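Number of protein chains: 4
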Amino acid sequence: MSAQSKIATHLEEQSTAQRNIGRLLVKCSDKPGIVSAVSTFLLQYEANIVESSQYSTDPEGGMFYLRIAFHLDNLLDKKEEMEEDFNNIAEQYEMDYHFSYAVELKRTAIFVSKEPYCLMELLWEWQNGDLNTDIVVVISNHEDARGMVEALGIPFHYIPANKDIRQEVEKQQVKLMEEYDVDVLVLARYMQILTPEFVSHFPNQIINIHHSFLPAFIGARPYERAFGRGVKLIGATSHYVTNDLDEGPIIEQDIERVDHRDDIVQLKKIGRTIERRVLARAVKWHLEDRVIVENNKTIVFQ
Amino acid sequence: MSAQSKIATHLEEQSTAQRNIGRLLVKCSDKPGIVSAVSTFLLQYEANIVESSQYSTDPEGGMFYLRIAFHLDNLLDKKEEMEEDFNNIAEQYEMDYHFSYAVELKRTAIFVSKEPYCLMELLWEWQNGDLNTDIVVVISNHEDARGMVEALGIPFHYIPANKDIRQEVEKQQVKLMEEYDVDVLVLARYMQILTPEFVSHFPNQIINIHHSFLPAFIGARPYERAFGRGVKLIGATSHYVTNDLDEGPIIEQDIERVDHRDDIVQLKKIGRTIERRVLARAVKWHLEDRVIVENNKTIVFQ
Amino acid sequence: MSAQSKIATHLEEQSTAQRNIGRLLVKCSDKPGIVSAVSTFLLQYEANIVESSQYSTDPEGGMFYLRIAFHLDNLLDKKEEMEEDFNNIAEQYEMDYHFSYAVELKRTAIFVSKEPYCLMELLWEWQNGDLNTDIVVVISNHEDARGMVEALGIPFHYIPANKDIRQEVEKQQVKLMEEYDVDVLVLARYMQILTPEFVSHFPNQIINIHHSFLPAFIGARPYERAFGRGVKLIGATSHYVTNDLDEGPIIEQDIERVDHRDDIVQLKKIGRTIERRVLARAVKWHLEDRVIVENNKTIVFQ
Amino acid sequence: MSAQSKIATHLEEQSTAQRNIGRLLVKCSDKPGIVSAVSTFLLQYEANIVESSQYSTDPEGGMFYLRIAFHLDNLLDKKEEMEEDFNNIAEQYEMDYHFSYAVELKRTAIFVSKEPYCLMELLWEWQNGDLNTDIVVVISNHEDARGMVEALGIPFHYIPANKDIRQEVEKQQVKLMEEYDVDVLVLARYMQILTPEFVSHFPNQIINIHHSFLPAFIGARPYERAFGRGVKLIGATSHYVTNDLDEGPIIEQDIERVDHRDDIVQLKKIGRTIERRVLARAVKWHLEDRVIVENNKTIVFQ
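Protein chains in written order, with our numbering: chain A, 1 to 302; chain B, 1 to 302; chain C, 1 to 302; chain D, 1 to 302.
Just so you know, not all the hints are guaranteed correct.
To be verified - Derived EDC-like pairs (lysine to aspartate or glutamate); straight-line CA-CA distance at most 16 angstroms:
hint : chain 1 : residue 1 : chain 2 : residue 2
1    : D       : LYS268    : D       : GLU256
2    : C       : LYS31     : D       : ASP73
3    : C       : LYS114    : C       : GLU143
4    : C       : LYS79     : C       : GLU104
5    : C       : LYS297    : A       : ASP262
6    : D       : LYS297    : B       : ASP259
7    : D       : LYS269    : A       : ASP130
8    : B       : LYS31     : A       : GLU51
9    : C       : LYS31     : C       : ASP58
10   : A       : LYS297    : C       : GLU143
11   : B       : LYS268    : B       : GLU224
12   : B       : LYS297    : D       : GLU224
13   : D       : LYS297    : B       : ASP263
14   : B       : LYS269    : C       : ASP58
15   : B       : LYS297    : D       : ASP259
Rather than coming from a laboratory, the hints here were simulated on the basis of the structure.
Computed from a prediction, not measured in an experiment: that's the story for all the values here.
Could you put together the complete structure from these sequences and hints?
So this is what it looks like as structure tokens:
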């Protein structure tokens with residue numbers, strides 16, 4: 001299968017359809033008039049609202065969050081002027097805001113260790129055109145995945161890692177992240193702990209998959225501990241990485257039923273299918289700017 | 001348990017919280033400026049948008065649907081003026097629209113036959129304050145449910161029914177619907193077929209629960225047929241009643257797993273728990289004006 | 001609704017169908033020949049195996065668990081002889097075993113505090129004939145549930161409780177358990193902590209519903225903490241009560257999806273539907289002798 | 001990734017663990033003594049029962065189904081004698097029965113058309129050691145999948161097909177099935193209809209994936225029709241192929257929630273993940289001899 005030609009076709013189709021799609025994320029204190037101001041602004045530019053989601057924590061003095069996807073002819077020619085112009089509204093309402101453009105794909109790095117299944121799922125979704133991103137590099141502390149990654153024309157870097165050489169390893173990794181100009185870093189079963197130093201380079205940009213329904217079974221060997229506790233459900237959780245292990249903002253979770261007959265090997269097999277779909281969904285939502293982080297929680301505008 | 005006093009308390013709490021909550025449903029051809037116009041209108045009244053959901057079938061020349069819940073001090077004093085005022089916007093955009101007010105509870109009638117479980121679920125949710133409605137009457141072609149209904153202070157009417165006296169029966173039922181000034185009619189396992197004549201009185205106001213995942217097993221005895229076909233899932237579907245049996249717009253569906261060991265009796269038991277929750281959700285969404293019917297489909301703004 | 005007459009009819013039907021149904025639970029070290037010995041034993045009595053489930057932890061030197069339901073004409077006349085006779089096999093294989101008879105209903109007590117929904121679900125399932133038990137008493141530290149319990153002819157005891165009078169309260173409760181000759185004690189949202197002393201009277205006989213997917217959110221206020229953590233799933237867990245709070249053997253768990261819009265009130269509403277079905281399933285399986293406790297885990301032969 | 005070496009390692013591990021695992025499937029009229037006879041037979045051979053599942057349609061005069069997995073030292077040396085010996089019991093109880101051996105892998109052929117995702121899932125599960133089979137050939141009416149199939153060392157045959165040359169095509173396919181000595185034929189989104197003639201060669205050996213929750217949306221374009229009907233769930237069904245289109249015995253089904261925002265493209269994307277897991281489960285159960293077909297239904301001993 002020629003992945004490249006398939007992706008080329010996909011990007012072409014996409015660029016026709018999505019060339020003029022912009023997205024606006026807004027966060028501010030809730031006040032009357034925000035939706036009116038934003039929608040009137042877009043109207044003046046003759047932008048058509050394609051999708052709009054909002055959430056107020058409390059109509060009386062809470063926070064307000066908004067995601068709008070809009071279509072605007074010749075968007076790329078107008079975007080600079082529009083962004084500058086929006087500044088006025090943003091100042092008036094003291095907004096945090098962010099414009100993005102469907103055609104400007106985020107650049108994704110994937111970190112993986114020995115087990116390739118989450119990586120494979122992401123590559124599969126990407127080849128199918130379901131992950132709108134450039135996967136610019138895969139980094140691993142094992143050689144196992146090199147073949148399947150390079151077959152798709154993606155650079156693969158092998159960086160052996162263990163806790164004694166962590167600092168040195170992370171220095172190399174950060175350097176690669178800069179060289180490849182990475183926007184999103186996905187830990188697809190990367191089994192090394194990252195230092196606060198490393199994490200601080202990528203706030204709310206590192207997406208991890210943890211193999212339990214957090215906050216149950218934080219830390220190592222969750223399937224073994226799920227087996228020991230005799231739970232009747234096992235799960236997986238995708239979250240942004242912070243400096244507190246497995247405590248970052250949760251993006252997505254899912255579970256499957258298990259029973260007494262399922263030993264640890266079986267739990268891991270079932271768990272793999274959960275991990276694959278949970279991580280793929282979380283990454284997809286992040287790439288489409290559907291996730292807003294607030295304190296230690298996420299708002300996901302599906 | 002004094003249901004009345006409980007409900008009284010609940011209504012009181014609710015009226016404090018919800019006295020000033022209004023809802024606006026809009027449907028029209030998609031054009032630039034709708035959201036701007038509506039949100040600017042609400043801003044002029046100093047209404048605060050509490051919840052907003054929208055859906056466009058196609059940004060280029062499709063349909064546009066909007067549900068807004070808003071908070072406005074002294075809403076009930078201002079609503080007439082506001083509704084009249086909104087007319088201008090509505091004409092400009094050729095909108096179908098509808099204002100409703102949380103405090104003006106819809107009046108619900110429930111029809112039931114012999115099996116009471118769906119009725120019980122609705123009464124239970126209602127007693128818990130999870131169904132914001134006045135249940136004004138229960139009508140049955142059996143006496144079984146009289147006790148539990150009257151214990152809650154709800155009028156119960158026994159109208160024996162069979163297909164030979166259908167016209168006569170429906171005449172009585174329509175008369176009761178008028179007397180009780182009913183807005184919503186829930187068929188909670190009412191096992192009589194309704195005539196087109198009857199249905200035409202209540203367009204998109206009659207909610208039924210069908211005991212299969214439609215369009216599988218349309219018609220009678222779905223559990224028996226599910227057993228015969230050897231399906232591995234059974235389901236239930238709540239839909240608006242139209243003149244085509246089990247063909248009306250679907251509001252909600254759900255399923256449970258079954259296996260070869262489940263005989264028809266067991267399928268019915270499992271099915272009961274599905275029917276209960278599917279019907280309760282559909283009724284709840286209808287009561288909160290979350291459902292828009294378009295052709296033979298629904299838009300549900302959860 | 002005349003619950004009594006309904007239950008009477010149900011029991012009658014049941015007694016015809018189930019008068020001759022026995023169940024045998026076996027636990028022992030796995031050795032060749034167990035199934036052969038047990039099935040040959042039943043054959044000699046001309047018993048017909050209706051249902052049979054088994055589980056080996058490890059065919060080489062692990063544990064073996066067996067549940068057999070069998071039909072035997074005139075079972076009640078033969079059971080004493082049969083049980084005595086079985087002793088030989090049991091000794092040979094060093095079995096723990098237990099015979100029970102469908103017609104000898106377990107005697108259930110339900111403890112409840114202020115929120116009645118789990119109690120209502122159990123009563124509802126019981127009235128439908130889906131819980132084969134005698135509900136012999138309901139005990140509460142609030143008066144709220146008295147009406148609905150007594151309406152079904154079930155004795156209701158109000159015993160005010162708080163941590164200062166715990167010992168005194170439990171003394172009364174144990175006395176009632178003895179008076180009513182209780183086999184199973186269901187904590188249907190009973191919000192008082194039980195002492196080790198109390199628990200020791202009822203090993204693997206007290207079934208609790210905890211309002212989280214354990215081991216997440218052990219202890220108080222799980223919905224508040226689930227909200228705080230920003231989980232995307234909430235759950236409920238039914239387990240046997242041991243002296244370690246929320247650490248007993250898990251019988252059943254289930255979850256529902258939630259999202260950022262769900263506040264604590266909403267989480268509790270959604271949670272109620274999970275708690276109801278999880279507890280009902282766990283109690284049902286216990287009553288049908290489908291649950292074997294081993295160390296801190298359960299084998300559930302569904 | 002060297003798939004071959006991985007598979008080699010996997011088979012080696014497996015052969016150590018599973019060399020001595022046999023399975024016995026039994027079907028007969030229910031009579032007292034069957035379990036006793038079979039378990040005593042296995043005991044005489046000093047076989048240890050590892051897993052046992054049974055099902056009676058009706059203890060009084062119904063059918064009886066049994067699946068036993070057993071461990072027996074030097075199984076392969078003894079199996080012939082054992083099978084011959086079992087004949088006596090089989091005759092006595094008029095059993096249909098079948099012995100199989102974990103180490104004798106079934107030989108699987110996969111048919112695929114343009115869309116490769118179900119094929120990929122099967123290959124992925126197989127590489128992970130989760131499908132215990134030899135995938136001996138892939139046949140397609142398109143060239144798309146050749147690369148990924150041949151990369152794993154599996155023969156790939158391109159046979160263009162359309163309804164005008166059906167007979168000719170099927171002749172070639174049957175010939176290949178014979179050459180490759182195929183036991184199981186998986187239609188992993190093979191979009192050509194098979195003739196009764198072809199199907200008759202492989203009774204209960206052809207496994208198909210249909211992209212709806214049958215019996216809803218039998219036939220072509222189920223996602224389009226699901227969209228048209230406005231269902232709130234979409235599903236997939238894996239079943240044995242018979243001469244009645246989409247009417248064969250169902251092995252497994254599953255669903256996902258959808259809503260009004262999901263257009264046909266989106267339904268297909270969601271559907272793909274359902275199809276992948278439903279087909280993988282069905283094939284796995286078939287390969288482990290967990291599925292018994294009776295009339296038009298299946299008993300699945302999970």
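Keeping to a limit of 16 angstroms between CA atoms, is the pair of LYS297 (chain D) and ASP259 (chain B) held or broken?
holds, 10 angstroms
Regarding the pair LYS297 (chain B) and GLU224 (chain D), is the alpha-carbon distance no greater than 16 angstroms?
At roughly 14 angstroms apart (the allowed maximum being 16 angstroms), GLU224 (chain D) and LYS297 (chain B) satisfy the hint.
CA of LYS297 (chain A) to CA of GLU143 (chain C), is that 16 angstroms or under?
Cα-Cα ~40 angstroms, so violated.
Do the alpha carbons of LYS268 (chain D) and GLU256 (chain D) lie within 16 angstroms of each other, as the hint requires?
Between LYS268 (chain D) and GLU256 (chain D) the Cα gap is close to 11 angstroms, so the pair holds against 16 angstroms.
Holds or violated: are the alpha carbons of LYS297 (chain B) and ASP259 (chain D) at most 16 angstroms from each other?
Roughly 10 angstroms separates the two Cα atoms, so the pair holds.
Within a Cα-Cα threshold of 16 angstroms, do LYS31 (chain C) and ASP73 (chain D) meet the stated pairing?
holds, 15 angstroms
Hint consistency between LYS297 (chain C) and ASP262 (chain A) [alpha-carbon to alpha-carbon, up to 16 angstroms]
Judged against 16 angstroms, a Cα distance of about 13 angstroms means the pair holds.
Are the Cα positions of LYS269 (chain D) and ASP130 (chain A) separated by 16 angstroms at most?
holds, 8 angstroms
Given pair status - GLU104 (chain C), LYS79 (chain C), alpha carbons within 16 angstroms
Measuring from Cα to Cα gives roughly 12 angstroms; hence the hint holds.
Going straight from one Cα to the other, do LYS31 (chain C) and ASP58 (chain C) come out at no more than 16 angstroms?
holds, 11 angstroms
Assess, step by step, whether the Cα of LYS297 (chain D) is no farther than 16 angstroms from the Cα of ASP263 (chain B), and give holds or violated.
holds, 13 angstroms
16 angstroms limit on alpha-carbon distance, applied to hinted pair LYS269 (chain B) and ASP58 (chain C):
violated, 35 angstroms
Figure legend: structure checked against the earlier numbered hints; hints not met, in rising order: 10 and 14.
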